[in-house]
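Number of protein chains: 4
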Amino acid sequence: MISFTCDYNEGAHPLILERLASTNMIQQPGYGEDSFCENAKEKIRQTIGRPQADVFFLVGGTQTNSTVIDAMLRGYEGVVAAQTGHIAVHESGAVEFSGHKVLTLPQHQGKICPDELESYLKAFHDDPTWPHMVWPGMVYISFPTEYGTIYSKEELTKIHSICKSHKIPLFIDGARLGYGLMSPACDITIKEFAGLCDAFYFGGTKVGALCGEAVVFPEGNAPGHFFTTVKQHGALLAKGRLLGIQFDVLFTDELYFRISRNAIDKAMQIKAMFTEKGVPMFIDSPTNQQFPILTGEQMAALEGKVLFEVWEPLPDGRYVTRFATSWCTTQEQINDLYRLLQESH
Amino acid sequence: MISFTCDYNEGAHPLILERLASTNMIQQPGYGEDSFCENAKEKIRQTIGRPQADVFFLVGGTQTNSTVIDAMLRGYEGVVAAQTGHIAVHESGAVEFSGHKVLTLPQHQGKICPDELESYLKAFHDDPTWPHMVWPGMVYISFPTEYGTIYSKEELTKIHSICKSHKIPLFIDGARLGYGLMSPACDITIKEFAGLCDAFYFGGTKVGALCGEAVVFPEGNAPGHFFTTVKQHGALLAKGRLLGIQFDVLFTDELYFRISRNAIDKAMQIKAMFTEKGVPMFIDSPTNQQFPILTGEQMAALEGKVLFEVWEPLPDGRYVTRFATSWCTTQEQINDLYRLLQESH
Amino acid sequence: MISFTCDYNEGAHPLILERLASTNMIQQPGYGEDSFCENAKEKIRQTIGRPQADVFFLVGGTQTNSTVIDAMLRGYEGVVAAQTGHIAVHESGAVEFSGHKVLTLPQHQGKICPDELESYLKAFHDDPTWPHMVWPGMVYISFPTEYGTIYSKEELTKIHSICKSHKIPLFIDGARLGYGLMSPACDITIKEFAGLCDAFYFGGTKVGALCGEAVVFPEGNAPGHFFTTVKQHGALLAKGRLLGIQFDVLFTDELYFRISRNAIDKAMQIKAMFTEKGVPMFIDSPTNQQFPILTGEQMAALEGKVLFEVWEPLPDGRYVTRFATSWCTTQEQINDLYRLLQESH
Amino acid sequence: MISFTCDYNEGAHPLILERLASTNMIQQPGYGEDSFCENAKEKIRQTIGRPQADVFFLVGGTQTNSTVIDAMLRGYEGVVAAQTGHIAVHESGAVEFSGHKVLTLPQHQGKICPDELESYLKAFHDDPTWPHMVWPGMVYISFPTEYGTIYSKEELTKIHSICKSHKIPLFIDGARLGYGLMSPACDITIKEFAGLCDAFYFGGTKVGALCGEAVVFPEGNAPGHFFTTVKQHGALLAKGRLLGIQFDVLFTDELYFRISRNAIDKAMQIKAMFTEKGVPMFIDSPTNQQFPILTGEQMAALEGKVLFEVWEPLPDGRYVTRFATSWCTTQEQINDLYRLLQESH
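Chains as they are written, first to last, in the numbering used here: chain P, 1 to 345; chain S, 1001 to 1345; chain G, 2001 to 2345; chain D, 3001 to 3345.
Treat the hints as calculated values from the structure; they're not laboratory data. Keep in mind that the hints are not guaranteed to be accurate.
Unchecked claim - Below, simulated DSBU-like cross-link-like pairs (lysine-lysine); rule was C-alpha separation at most 35 Å, straight line:
hint, chain 1, residue 1, chain 2, residue 2
1, P, Lys164, D, Lys3153
2, G, Lys2305, P, Lys122
3, S, Lys1153, S, Lys1305
4, G, Lys2191, G, Lys2122
5, P, Lys122, P, Lys191
6, S, Lys1164, S, Lys1191
7, G, Lys2153, G, Lys2191
8, S, Lys1271, S, Lys1305
9, G, Lys2305, G, Lys2277
10, S, Lys1164, S, Lys1153
11, P, Lys122, P, Lys164
12, S, Lys1167, S, Lys1191
13, P, Lys158, P, Lys122
14, D, Lys3271, D, Lys3158
15, P, Lys277, G, Lys2164
16, D, Lys3167, P, Lys164
17, P, Lys191, P, Lys158
18, G, Lys2153, S, Lys1167
19, S, Lys1164, G, Lys2167
20, G, Lys2164, S, Lys1164
21, D, Lys3277, D, Lys3305
22, P, Lys271, G, Lys2122
23, P, Lys167, P, Lys122
24, G, Lys2277, S, Lys1167
25, S, Lys1271, D, Lys3277
26, G, Lys2191, P, Lys122
27, P, Lys305, G, Lys2122
28, S, Lys1158, S, Lys1191
29, D, Lys3153, D, Lys3122
30, P, Lys191, P, Lys153
31, D, Lys3271, S, Lys1122
32, P, Lys164, P, Lys153
33, D, Lys3305, S, Lys1122
34, P, Lys167, D, Lys3167
35, D, Lys3164, P, Lys167
36, S, Lys1305, D, Lys3122
37, S, Lys1153, S, Lys1122
38, S, Lys1164, S, Lys1122
Just chain P, with the same shape it has in the complex:
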């Protein structure tokens, strides 16, 4: 049975496994001080066109979000996010665990609206009771969002500019960054992207690695003692080589972007085949997550043959579902899905 439930159903890109094997017995120091990490960092700096960038490798997404946010905030500050932001919903309160409030804004297909951000910040500062409230100390957005949508260059520019005018950093959750950048709808390069935020990460877990997220502070602006904060958060990998090797491979010959493009190609095929069948999409997602609205009957017809996520029930009895492709989705899997749809509809 094929699965489109998420983009981390398989292991790692074969080149990663090969490199892990070929370097296995080379002795290297721990905690990210190995030469693999150094190489990977250098390649990432080149990719974003910023030799001054600070790069750190952490293990997973929730961990990365809570560690970076805690490191960038002072104790009295909170982080502004969409109400559907991963940190606001699906991280078991990891941000609050480190003492900070998530201050939510309305979401529009998973995105925050620059004007609403500006209004929110203005209203906060205009409110005479602000000293009794949580200071909005940074802005968090996801690229792509939890709904597969992406911000345009204009939107990112506006949001970053608002942040700068309020002297607060912009942090971008890039758990699926490759899938965003390789989308046909994306009008921004990675070099431009790196210039429009204060911190972001290249997600590895969902883009071909066994685990790992590469946190980037583009202007060499890592918070002081970030290494210690990473350790304090339980996010420091002893065998840092595991992360270094993976990102070294991913950022060699643009592998990260090439495998991201595969997911997009396959997702567009999925979108097309549902559309062909007259199945409406909940959101017009330009990335690797597609959200067909299925009837109970349509879902039943697929049951036992293909796995996908039921995202949420609709008032009319239908369901928003999610079909996610990934770095390793094959044409064969897509063809199988097409066949199933033909048979079942």
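Position chains S, G and D relative to chain P; hints supplied.
Chains S, G and D in isolation, oriented as in the chain P frame:
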């Protein structure tokens, strides 16, 4: 240049890499709900002779310590540990980050003394000001300790019994558990061990895995909602298969114990060769960490030829050093070290 | 110039000051173990008709909220509250500071809707991703709410029943409890009230005390080691007598309720005089906070003569204002306000 | 029965109660923005000879310690203190609750030794594993200490100088500051004192107030957003006037120092009468806490006639006891104690 600086200088046992490769494209759910994790858990339950045990896979040691401790304590409680305990010294305050105090006892070659534990707990409860103090809510020990020493069965039994009489759990940090159990000085089996504590973990990172620690609650006594606490601490691996596969391999055909024994064999050779040369040992460690006391001259003679850690300077100008063997230390490396010692002394 | 800005503009009820003076040199132990506290607790137990109740005296409202909530929750749990709840908006993130998320529900004139609470809890438990989310571990409501409204007996009964069916406690913020209970719209007695929640407090700061909130666990259900948690939160007053004496006075001869009624009487006069002038009220508040909607012109006419709060601007250019009466508002102040309104409109 | 158990057995200085009464119905804004607070701050600035100082009023000692420490530290930092420091022992882990470790140094009659502090900081920075440890981010001392001893001007100067050389602030817990400054052994003025630290507080609770601690940042160096941090810690008093009025009175005509001197005079009489009786003192305390070593027989003779604290049992069967005088200890109480000692020995 050979390195004895630590037991995580290399990658993983080759069988682990093979299994990662052979299972790579099998689609499995995330977050530890894959079949590899299930198999690994089952093997661990058999290893400890407790089908009722709860088993969870986390990524690293500091993370595991702070997550388990936070999950087992109430907000007003602290954890008792040796003043040299890893959680007390080398975890960047990860336990305090989750709001709990580390209450320290004197160390004796890295171990706490059962009588001193009992006295401490009695003194706490006899002190009329105890409601103004941090309640000792659990006891943490390491097996082996940070100094390579191990508790005897009698000591463990006493400590566990003291804990039971005070109704507080005993948690054992097993980052190097295999090296302790395979020591010739160890008088306890893993099944007995599992019956003498309330939680412990099989360290993978230092015993042949790329990463991973297998937390065991021997009587099925995992704290409620432990999964959510793991996620909240940023300790939940999306591709849980990476951990499941590794522990599945490590607990197949007793691989974990066999490779642990290798480290012990090699460490005993190191101890013998230093002793032969008249070099005193700081501690008579029965495990994979050996602590020769070297003069500056002796250290200089080895410089550039072999890597090891300088543990601490002694008042007389000599240095405590640490030579650590591991699951993959080869006889050739040991022979090289022997040759170097012959030449340099 | 008279002020209606809040209900803590003055000191304390004269009987409190007299009692502080007359008991001043009596030596008593600290930390709430004095006889004044004991007497006050006994009177509160009688007031609520529950000899089994646990009573603790804390200093302020935010402190009380965060201490009680942290004590009643496990680490992985959050607290459900109205989006306008004091803990959600005006406590500088004190709840998050202790590691817990505030999970917000829509507000209806400051209140949560029982049906929406039930739906929220049901949706949480129906969501297969719940282990990745913050467990709703208790419900917090304010009585009266931040908008001066109060829950009916039926509403409280429903909310408490929903909590019980989900096995989570209901905690009621009673910073202005007296003003709620003495409202003509209130259909519940304090004895009934105490039976419809798991914890609540009699606010003293806003009802005639210099400071102090009396936390009540009606069924003797205080969380274990609550004293230590109070100390840990910096909420334990060394001279506990200051709180004991005040609550002893407030709960002698029903002073707490009598002075609360004064605030209500005066508030109703304010409501009537604005209504007489054709000024609409933003909310039909039955308690000591009244929210007239004033034009800029009307506000200007009062400027420099009477103080009140500007609550929020309306889209049409008018302003929601707040006039708060208190335990010590005099008829003379009310008459002055009336005269001002006559002159200025 | 007279009590010497502590210095907070009674209410407040009568002048405070008078002022509370005479100002009671004056309407003032809340949260410390009242004119009483402003006056009190001004008087404190004059007292320390620093018009630039920031002054804040908090309610209690533990609260003040944890709030100031949390505000002055970054997340990865801890606070250095004597192992007998109040924050290390008797605050229920309030510092750890805010995420920071208390890093302890040996105590010498309650004091830390400047040389040991320097050695500790040097050892930390020389240790190559420091990034895995808690960064010593500030130094906390008490004046007087928990054992009634005080630092000399030379010691304070050394400690402050060490802090400056390591670029970390020195924070002095002045819960009993008046008793230290008025000691005959004190060789420092309050103006000099204020120049030898980065933050300190005038304790009110133990020196004649009902409650309240006046935190001073002598060079106007309060941490940013300190007001919000105070609120977040539940330490912001709504009726700030209660604190403002008390400190206004205490710093009018040097009342704070005059009543402190009373405690010292009486304590010296107690020391003399025990010495006359041949009772040894555990520590030669120059402040208001005296520590006679009594036999069980001597203690029994006083039982039921005078209250004091049993500090700790000695190995030889005797007990260290504590007799504390205060701002309001009367000559009559001292005479009574003298009579009791005459009768019972």
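Here is how each hint holds up against the structure:
1. Among the hinted pairs, P/Lys164 with D/Lys3153 is inconsistent with the structure: their alpha-carbon atoms are about 47 Å apart, more than 35 Å.
2. Between G/Lys2305 and P/Lys122 the CA atoms are separated by roughly 30 Å; this keeps the pair inside 35 Å, and the hint holds.
3. At most 35 Å may separate the alpha-carbon atoms for a hinted pair to count; S/Lys1153 and S/Lys1305 exceed this at roughly 40 Å.
4. Simply put, G/Lys2191 and G/Lys2122 have alpha-carbon atoms about 30 Å apart, close enough for the 35 Å limit, and the pair holds.
5. About 30 Å separates the Cα atoms of P/Lys122 and P/Lys191, which keeps this hinted pair within 35 Å; it holds.
6. Distance hint between S/Lys1164 and S/Lys1191 is fulfilled; the C-alpha atoms sit about 19 Å from each other, no more than 35 Å.
7. A C-alpha spacing of about 12 Å is found between G/Lys2153 and G/Lys2191, which places the hinted pair at or below 35 Å, so the restraint holds.
8. As the CA atoms of S/Lys1271 and S/Lys1305 are separated by approximately 19 Å, the hinted pair is consistent with the 35 Å bound.
9. This hinted pair checks out: G/Lys2305 and G/Lys2277 have alpha carbons roughly 18 Å apart, not beyond 35 Å.
10. Proximity of S/Lys1164 to S/Lys1153 is assessed by CA-CA distance (about 16 Å); at most 35 Å being required, the pair is judged to hold.
11. Taking the CA atoms of P/Lys122 and P/Lys164, the gap is about 14 Å. The hint holds against a cut of 35 Å.
12. For the hint pairing S/Lys1167 with S/Lys1191, the CA-to-CA distance comes to about 22 Å; that is within 35 Å, so the pair holds.
13. Our distance criterion of 35 Å between C-alpha atoms is met by P/Lys158 and P/Lys122, whose separation comes to about 15 Å.
14. Pair hint D/Lys3271 plus D/Lys3158 holds up; C-alpha atoms about 30 Å apart against a cutoff of 35 Å.
15. Proximity of P/Lys277 to G/Lys2164 is assessed by CA-CA distance (about 47 Å); at most 35 Å being required, the pair is judged violated.
16. As the CA atoms of D/Lys3167 and P/Lys164 are separated by approximately 29 Å, the hinted pair is consistent with the 35 Å bound.
17. Among the hinted pairs, P/Lys191 with P/Lys158 is consistent with the structure: their alpha-carbon atoms are about 17 Å apart, no more than 35 Å.
18. At most 35 Å may separate the alpha-carbon atoms for a hinted pair to count; G/Lys2153 and S/Lys1167 exceed this at roughly 42 Å.
19. With a CA separation close to 29 Å, the supplied pair S/Lys1164 and G/Lys2167 stays within the 35 Å bound.
20. This hinted pair checks out: G/Lys2164 and S/Lys1164 have alpha carbons roughly 33 Å apart, not beyond 35 Å.
21. As the CA atoms of D/Lys3277 and D/Lys3305 are separated by approximately 18 Å, the hinted pair is consistent with the 35 Å bound.
22. Simply put, P/Lys271 and G/Lys2122 have alpha-carbon atoms about 32 Å apart, close enough for the 35 Å limit, and the pair holds.
23. The suggested pairing of P/Lys167 with P/Lys122 holds, with an alpha-carbon distance near 13 Å, which does not exceed 35 Å.
24. Restraint check for G/Lys2277 and S/Lys1167: the C-alpha separation of about 68 Å exceeds 35 Å, so the hint is violated.
25. A hinted pair counts as satisfied when its Cα atoms are at most 35 Å apart, and S/Lys1271 with D/Lys3277 does not qualify at roughly 62 Å.
26. For a cut-off of 35 Å, the pair hint linking G/Lys2191 to P/Lys122 is broken: about 45 Å separates their Cα positions.
27. A C-alpha spacing of about 30 Å is found between P/Lys305 and G/Lys2122, which places the hinted pair at or below 35 Å, so the restraint holds.
28. Between S/Lys1158 and S/Lys1191 the alpha-carbon distance is near 17 Å, which keeps this suggested pair within the 35 Å criterion.
29. With a CA separation close to 23 Å, the supplied pair D/Lys3153 and D/Lys3122 stays within the 35 Å bound.
30. Distance restraint check for P/Lys191 and P/Lys153: the Cα-Cα separation of roughly 12 Å lies within the 35 Å cut-off, and the hinted pair is therefore satisfied.
31. For the suggested pair D/Lys3271 and S/Lys1122, the alpha carbons sit about 32 Å apart, so the restraint of at most 35 Å is met.
32. Only pairs whose Cα atoms come within 35 Å are accepted, and P/Lys164 paired with P/Lys153 is accepted, the gap being roughly 16 Å.
33. Under the criterion of a C-alpha separation no larger than 35 Å, the hint pairing D/Lys3305 with S/Lys1122 is consistent with the structure, at around 30 Å.
34. Taken as a hint, the P/Lys167 and D/Lys3167 pair is honoured in the structure, with Cα atoms around 26 Å apart against an allowance of 35 Å.
35. The straight-line distance between the Cα atoms of D/Lys3164 and P/Lys167 is roughly 29 Å, inside the 35 Å bound, and the hint therefore holds.
36. Taken as a hint, the S/Lys1305 and D/Lys3122 pair is honoured in the structure, with Cα atoms around 30 Å apart against an allowance of 35 Å.
37. Among the hinted pairs, S/Lys1153 with S/Lys1122 is consistent with the structure: their alpha-carbon atoms are about 23 Å apart, no more than 35 Å.
38. For the proposed pair S/Lys1164 and S/Lys1122, the alpha carbon gap of about 14 Å is at most 35 Å, so the pair holds.
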